[in-house]
Amino acid sequence: MPSWTSIEPREGTNWIQWRTLLEGVVLGVLYGLFLRGAMGNHGSTNSVFHRLFGQVFSVMSLAFIFFGPVVIGYLTIYRAARRGPVPVWQWIFAPWLSIVLTCLVTFLLGSEGRICIIFLAPIALIGSTVGGVLAGLTSRQFAKHSGTTTVCLALFPFLLAPAESGFDRPLQTRTVQSEVLIHASPSTVWSNIERVPAIAPSEIHTTWAQDIGFPRPVEATLSHEGVGGVRHASFERGLMFIETITDWQPERRLAFSIKADTAHIPPTTLDEHVTIGGRYFDVLNGEYRIEPLSNGNVLLHLTSHERLSTDFNGYAGLWTDAVMQNLQTSILQVIKNRCENQERSPQ
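The numbering of the sequence shown is the numbering used here, which starts it at 43 and goes up by one.
Wrong hints could be hidden among the right ones.
Here are the simulated distance ranges between beta carbons [claimed, not checked]:
no., residue 1, residue 2, range
1, A80, E329, 40 to 48 Å
2, F135, G338, 53 to 61 Å
3, N56, I160, 34 to 42 Å
4, P334, N383, 13 to 21 Å
5, F135, E385, 39 to 47 Å
6, N383, P164, 36 to 44 Å
7, L326, R125, 51 to 59 Å
8, N383, Q291, 55 to 63 Å
9, D303, T371, 18 to 26 Å
10, L326, Q183, 47 to 55 Å
11, L179, R295, 54 to 62 Å
12, P239, R279, 36 to 44 Å
13, T248, R295, 26 to 34 Å
14, L335, F149, 43 to 51 Å
To be clear, the hints were calculated from the coordinates, so they are not data collected in a lab. Cβ atoms here follow ideal geometry from the backbone N, Cα and C, with glycine treated the same way.
Can you make the complete structure from the sequences, with help from the hints?
The structure is reproduced here in structure tokens:
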């Protein structure tokens, strides 16, 4: 039967291990906040600091969104392993706490918006686990961590960011296609797409894209029929797209170029890094195509093309495609319901 003297050191050791893990989490959070401050807003675009560093240190860089979390995860486990071996599960999951707390603090401080945090979270969590596993393996391989190695790793994102800024961001044009089956005639569908009268809140279900902060569509007006006509597609919180008709084929096809009215979009509508018409993302054009079916119904297609300009287009494209698909599906559902209600209503 174990004596109190044999139990006490074990309990003390457990407390020390948990304390050093907590210290590791705090260290990771402090580094994350410092990195966000360095890579984040640099004041007015006319400020000297912005001119010197605004284009070099950017949140929209691999240095920040992936390698920064790698360092956060490494520092978390590096500190936790100073007093003894750390279980493998902590290598994987403990860095997540550092990432979550960093995101929470930046959100509360207003440094980062909800949309950007949600977009960043998956790749940041993966990066932090990579760093945690790296630190865990290093602690098993070597009795003592090299302080020089740790410092070099912590500086790596700051060295990588200027290198990234020296290259042009890859430009990618992405296509998002949506469709909906409508039990109505082509003429009825056409009348509901050339203009979209004000959408009542009850007509559109709240979607995940709206839950994370994207505005709800409101209406689309039309200056005049035919090529050259201008549609104003408005959304909540002042977001508006100016759509110029490029192809007008009644009951068949409606195509238009799209320009975001960035001059009048309030800065609080979307995060700086996901602003439509900004440095990283823009919607270029769209088209409705009415496909009559043999049974008298219509398959309505909605296609859009977007410009994506980031250092991680493959990852960012997953999000932009999902958001655009969500938005287009919502609009098509409103049109479907209106067309079918109109067909059922007595003339």
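Verdict for L326, R125 (Cβ pair) under range 51 to 59 Å: Given range 51 to 59 Å: holds, Cβ gap about 56 Å.
Cβ distance range 13 to 21 Å for P334 and N383, holds or violated: 20 Å, holds
Range hint compliance [Cβ, D303 to T371, 18 to 26 Å]: 24 Å, holds
55 to 63 Å as the expected CB spacing between Q291 and N383, which holds or is violated: 25 Å, violated
C-beta pair L179, R295: status relative to the range 54 to 62 Å that was hinted: 58 Å, holds
Outcome of range test on Cβ distance (N383, P164; 36 to 44 Å): With a Cβ separation near 40 Å, N383 and P164 satisfy 36 to 44 Å, so the hint holds.
47 to 55 Å as the expected CB spacing between Q183 and L326, which holds or is violated: Holds - the Cβ-Cβ distance for L326 and Q183, about 51 Å, lies within 47 to 55 Å.
Whether the CB-CB distance between F135 and E385 falls inside 39 to 47 Å: Hint violated: Cβ distance 54 Å, outside 39 to 47 Å.
Hint check for R295 and T248 - Cβ pair distance inside 26 to 34 Å: Roughly 31 Å apart at Cβ, these two residues keep to the hinted range, so it holds.
Supplied distance hint 36 to 44 Å, evaluated on CB atoms of P239 and R279: 20 Å, violated
Verdict for A80, E329 (Cβ pair) under range 40 to 48 Å: 43 Å, holds
Pairwise beta carbon distance, F135 to G338, judged against the given window 53 to 61 Å: Since the Cβ atoms of F135 and G338 sit about 56 Å apart, the hinted range of 53 to 61 Å holds.
Of the numbered hints stated above, those contradicted by the structure are hints 5, 8 and 12, listed in ascending order.
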